[in-house]
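Novice: Okay, here's what each chain looks like letter by letter:
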Amino acid sequence: MSQAAPQPAETRHEMLMRQTAEGMPLLRVEGLARYFDVSSPWLNRVLQNEPRAILKAVDGVSFEIPRGKTFSLVGESGCGKSTVARLVVGLYKPTYGHVEFEGVDMATLKTRKQQAPVRRRFQMIFQDPYASLNPRWRVADIIAEPIRAHGLMSDEAQIRRRVGELLEQVRLSPRDGEKFPHEFSGGQRQRISIARALASNPEFLVCDEPTSALDVSVQAQILNLMKELQTELGLTYLFISHDLAVVYHISDYVGVMYLGRLVEWGEARRVFFNPQHPYTRMLLDAIPDLEMTGRARTPVAGEVPSPISPPSGCHFHPRCPFANERCKAEMPESLGLAAGGEVRCHAVEEGRLPPPGDTGAVQAARARRDEAGA
Amino acid sequence: MAEMAREPVDPHAPPQLTFGRKLADGWNRFLDSDVFYSFKRSPLIIGAFVVTVILLLGAFLAPWVAPHDTMDLASLNLMDAFRPPVWEAGGDARFLLGTDDQGRDVLSGIMFGMQASLIIGFASVVLAAAFGTVLGLFSGYVGGRVDSVIMRIADIQLTFPAILIALLVDGIVGSVLPRQTAEELTYPVLIVAIASSLWVNFARTVRGSTLVEKSREYVQAAKVIGIHPVLIMVRHVLPNVMGPVLVIATLSLALAILTEATLSFLGVGIPSSEPSLGTLIRIGQEYLFSGEWWMTIFPGVALVVLVLAVNLLGDWLRDALNPKLR
Numbered sequence: 001m002s003q004a005a006p007q008p009a010e011t012r013h014e015m016l017m018r019q020t021a022e023g024m025p026l027l028r029v030e031g032l033a034r035y036f037d038v039s040s041p042w043l044n045r046v047l048q049n050e051p052r053a054i055l056k057a058v059d060g061v062s063f064e065i066p067r068g069k070t071f072s073l074v075g076e077s078g079c080g081k082s083t084v085a086r087l088v089v090g091l092y093k094p095t096y097g098h099v100e101f102e103g104v105d106m107a108t109l110k111t112r113k114q115q116a117p118v119r120r121r122f123q124m125i126f127q128d129p130y131a132s133l134n135p136r137w138r139v140a141d142i143i144a145e146p147i148r149a150h151g152l153m154s155d156e157a158q159i160r161r162r163v164g165e166l167l168e169q170v171r172l173s174p175r176d177g178e179k180f181p182h183e184f185s186g187g188q189r190q191r192i193s194i195a196r197a198l199a200s201n202p203e204f205l206v207c208d209e210p211t212s213a214l215d216v217s218v219q220a221q222i223l224n225l226m227k228e229l230q231t232e233l234g235l236t237y238l239f240i241s242h243d244l245a246v247v248y249h250i251s252d253y254v255g256v257m258y259l260g261r262l263v264e265w266g267e268a269r270r271v272f273f274n275p276q277h278p279y280t281r282m283l284l285d286a287i288p289d290l291e292m293t294g295r296a297r298t299p300v301a302g303e304v305p306s307p308i309s310p311p312s313g314c315h316f317h318p319r320c321p322f323a324n325e326r327c328k329a330e331m332p333e334s335l336g337l338a339a340g341g342e343v344r345c346h347a348v349e350e351g352r353l354p355p356p357g358d359t360g361a362v363q364a365a366r367a368r369r370d371e372a373g374a
Numbered sequence: 001m002a003e004m005a006r007e008p009v010d011p012h013a014p015p016q017l018t019f020g021r022k023l024a025d026g027w028n029r030f031l032d033s034d035v036f037y038s039f040k041r042s043p044l045i046i047g048a049f050v051v052t053v054i055l056l057l058g059a060f061l062a063p064w065v066a067p068h069d070t071m072d073l074a075s076l077n078l079m080d081a082f083r084p085p086v087w088e089a090g091g092d093a094r095f096l097l098g099t100d101d102q103g104r105d106v107l108s109g110i111m112f113g114m115q116a117s118l119i120i121g122f123a124s125v126v127l128a129a130a131f132g133t134v135l136g137l138f139s140g141y142v143g144g145r146v147d148s149v150i151m152r153i154a155d156i157q158l159t160f161p162a163i164l165i166a167l168l169v170d171g172i173v174g175s176v177l178p179r180q181t182a183e184e185l186t187y188p189v190l191i192v193a194i195a196s197s198l199w200v201n202f203a204r205t206v207r208g209s210t211l212v213e214k215s216r217e218y219v220q221a222a223k224v225i226g227i228h229p230v231l232i233m234v235r236h237v238l239p240n241v242m243g244p245v246l247v248i249a250t251l252s253l254a255l256a257i258l259t260e261a262t263l264s265f266l267g268v269g270i271p272s273s274e275p276s277l278g279t280l281i282r283i284g285q286e287y288l289f290s291g292e293w294w295m296t297i298f299p300g301v302a303l304v305v306l307v308l309a310v311n312l313l314g315d316w317l318r319d320a321l322n323p324k325l326r
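Those sequence lines, one after another, are chains A and B.
Using my numbering, you'd call the opening residue of the first sequence number 1 and step up by one each time.
Using my numbering, you'd call the opening residue of the second sequence number 1 and step up by one each time.
In case anyone wonders, no lab produced these hints; they're calculated from the structure.
Careful, some of the hints might be misleading.
To be verified - Taking lysine-lysine pairs in the DSS-like style, the calculated list, with each CA pair at most 25 Å apart, reads:
| id | chain 1 | residue 1 | chain 2 | residue 2 |
| --- | --- | --- | --- | --- |
| 1 | A | Lys179 | B | Lys223 |
| 2 | A | Lys110 | B | Lys214 |
| 3 | A | Lys93 | B | Lys223 |
As the list claims (entries may be wrong) - Listed below are several chain B residues computed to face chain A (Cβ distance under 8 Å; list not exhaustive):
| id | residue |
| --- | --- |
| 4 | Arg216 |
| 5 | Glu217 |
| 6 | Tyr218 |
| 7 | Ala221 |
| 8 | Lys223 |
| 9 | Gly226 |
| 10 | His228 |
| 11 | His236 |
| 12 | Pro239 |
| 13 | Asn240 |
Think of the CB as a built atom: it goes at the ideal place given N, C-alpha and C, for glycine as much as any other residue.
Sequences are here, hints too, so could you generate the full structure?
Specialist: Spelled out as structure tokens, the structure:
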């Protein structure tokens with residue numbers, strides 16, 4: 001188990017530098033798709049002459065995450081962002097496409113033995129801190145589980161020390177290890193989740209809405225903790241959220257999903273201040289106007305259509321103010337942007353979109369700048 | 001432990017965990033102490049516990065403590081038949097709760113009879129719980145076709161009443177094996193027959209709870225860590241589905257004892273030469289309306305008290321073992 005031992009800081013740093021220099025992304029996802037069969041039972045289908053119903057939860061999603069960066073996926077409920085997270089960590093098998101971790105296609109690792117060294121290096125933080133910790137285990141055992149499962153340490157005293165360190169790393173007391181999860185608040189439980197995720201010295205964390213079940217005041221604490229851990233340990237995050245303020249706070253890159261497709265992605269600043277896709281603009285426009293700039297807000301219009309029978313062509317066309325006949329008929333391909341990132345939109349390709357107006361984010365930033373200047 | 005906590009030597013070592021790897025075996029001791037604490041606080045439970053212990057001791061120590069050996073035909077005297085309890089007119093101090101139609105002491109009969117009922121009840125519940133829990137856990141966790149097959153078998157099983165299965169098993173055993181062997185196998189046959197009608201409840205409940213627990217995020221977290229599915233089932237899911245199992249087990253114990261009584265009544269259970277609570281009640285009820293009420297009432301009361309005490313203990317244990325209610 002020598003390769004599983006925590007690497008000295010220099011070596012790890014050198015490796016990071018080398019791989020960053022080589023431009024190799026830590027995670028690459030290509031053409032990822034996951035379909036669920038939601039058909040009624042066979043007998044019902046035959047009797048009622050129903051066709052098979054296939055839900056395309058994720059349909060052709062591609063992105064890359066460079067080392068040490070945070071990539072966020074945003075979108076309304078049911079757009080498939082959590083499914084992407086579960087595909088990346090291997091809880092679901094992709095229907096099409098593949099997930100590459102450091103250039104290794106996860107699908108080529110068949111046996112548990114082959115998967116173990118890679119599994120050690122990525123972990124997941126879940127949405128519901130009340131469900132993600134086994135209520136019958138003591139916190140120390142919960143945190144020690146990845147260490148024991150991967151055989152990283154065999155000496156109990158050593159494991160105990162490590163658990164104590166991890167608890168301190170997430171700003172809890174080592175003495176908390178002896179308690180049960182139900183003795184903690186939501187925020188504290190999420191810290192325990194993070195400690196468990198860090199136990200196997202991972203490089204990559206998938207965070208599935210880690211703050212959405214928490215109080216706003218606690219959200220900030222958890223987010224700051226995650227940012228601190230990122231700089232401290234050089235972590236890479238895939239961050240799933242529907243909260244744009246949270247995403248802006250934490251992300252280097254942002255991807256916007258709509259009905260299983262990635263409609264736009266790019267650097268966070270670019271997406272927030274120069275959004276291209278009409279859907280991205282609509283989302284950003286919905287950010288509450290706390291600075292009271294008097295901006296006329298456009299509420300997000302319309303409903304998300306059923307993913308079982310999505311609209312033809314561009315899925316967004318029924319809600320899009322710029323849709324035309326082509327949008328209804330033809331699915332837009334990913335289009336590289338000069339400002340970085342990609343967008344899937346005919347209107348952007350044809351250049352018939354008005355320049356992005358002042359979204360909420362832009363106005364908020366401007367108001368802050370003016371305030372600072374004044 | 002408290003002294004260690006104050007030691008400032010190593011701030012990283014969580015002091016409470018100095019039990020170290022012994023935590024796993026120490027776990028049970030911790031559990032016991034907490035359970036004992038909640039036990040101490042409830043007079044009702046202490047009462048139920050004392051009653052259960054007395055009944056268990058009375059049943060299993062019957063050969064030594066019972067006033068008469070009801071199996072010893074030589075000690076029976078038909079002159080002693082139909083004696084009422086000691087406080088009634090005509091009662092005999094030798095027969096505290098009276099005697100039956102053969103002159104057997106009712107109290108001794110209850111003690112020996114309860115032994116048979118308890119052995120069969122416990123054994124069949126343990127067998128059913130083990131079998132049902134394993135199948136339910138497997139069925140719920142694996143899902144898909146395996147789940148369908150196991151649950152359809154459970155459905156089919158449910159359509160056969162325990163009595164029919166017992167008659168079937170008894171009939172097959174009786175016709176296939178020589179008479180001597182068949183009689184020796186009375187207990188195992190009864191246990192298997194009763195267990196085969198009880199396991200479905202365990203399997204269905206455990207499957208339902210497993211489906212709920214399986215979708216919870218701590219199970220997914222274990223999957224992401226890369227824990228083997230069997231270990232996830234045993235270490236994560238099983239402890240969280242055991243609560244209902246305990247409750248069903250207590251209810252099933254009562255049911256098992258009653259089923260045993262029913263089967264004995266029909267003549268496919270314990271032979272009437274051997275006492276069980278069921279055979280005692282059956283023999284007694286023939287005389288209920290001719291005034292010899294004690295023959296059936298006392299075994300009946302014993303059965304009710306036993307089942308009630310066990311049920312109370314089971315209910316309390318469920319609450320005491322649930323860390324959320326501690």
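Novice: If a hint holds in the structure, say so; if it does not, say that too.
Specialist: Hint-by-hint comparison with the structure:
1. A:Lys179 - B:Lys223: Status holds; Cα separation ~23 Å.
2. A:Lys110 - B:Lys214: Holds, because 23 Å separates the two Cα atoms, which is no more than 25 Å.
3. A:Lys93 - B:Lys223: holds (13 Å)
4. Arg216: holds (5 Å)
5. Glu217: Interface hint status for B:Glu217: holds (4 Å vs cutoff 8 Å).
6. Tyr218: holds (4 Å)
7. Ala221: Status holds, d = 6 Å.
8. Lys223: holds (6 Å)
9. Gly226: Since chain A brings a Cβ to about 4 Å from B:Gly226, closer than 8 Å, the hint holds.
10. His228: holds (7 Å)
11. His236: Where the cut-off is 8 Å and the nearest Cβ of chain A is about 6 Å from B:His236, the hint holds.
12. Pro239: Status holds, d = 4 Å.
13. Asn240: holds (6 Å)
Of the numbered hints listed earlier, not one is contradicted by the structure.
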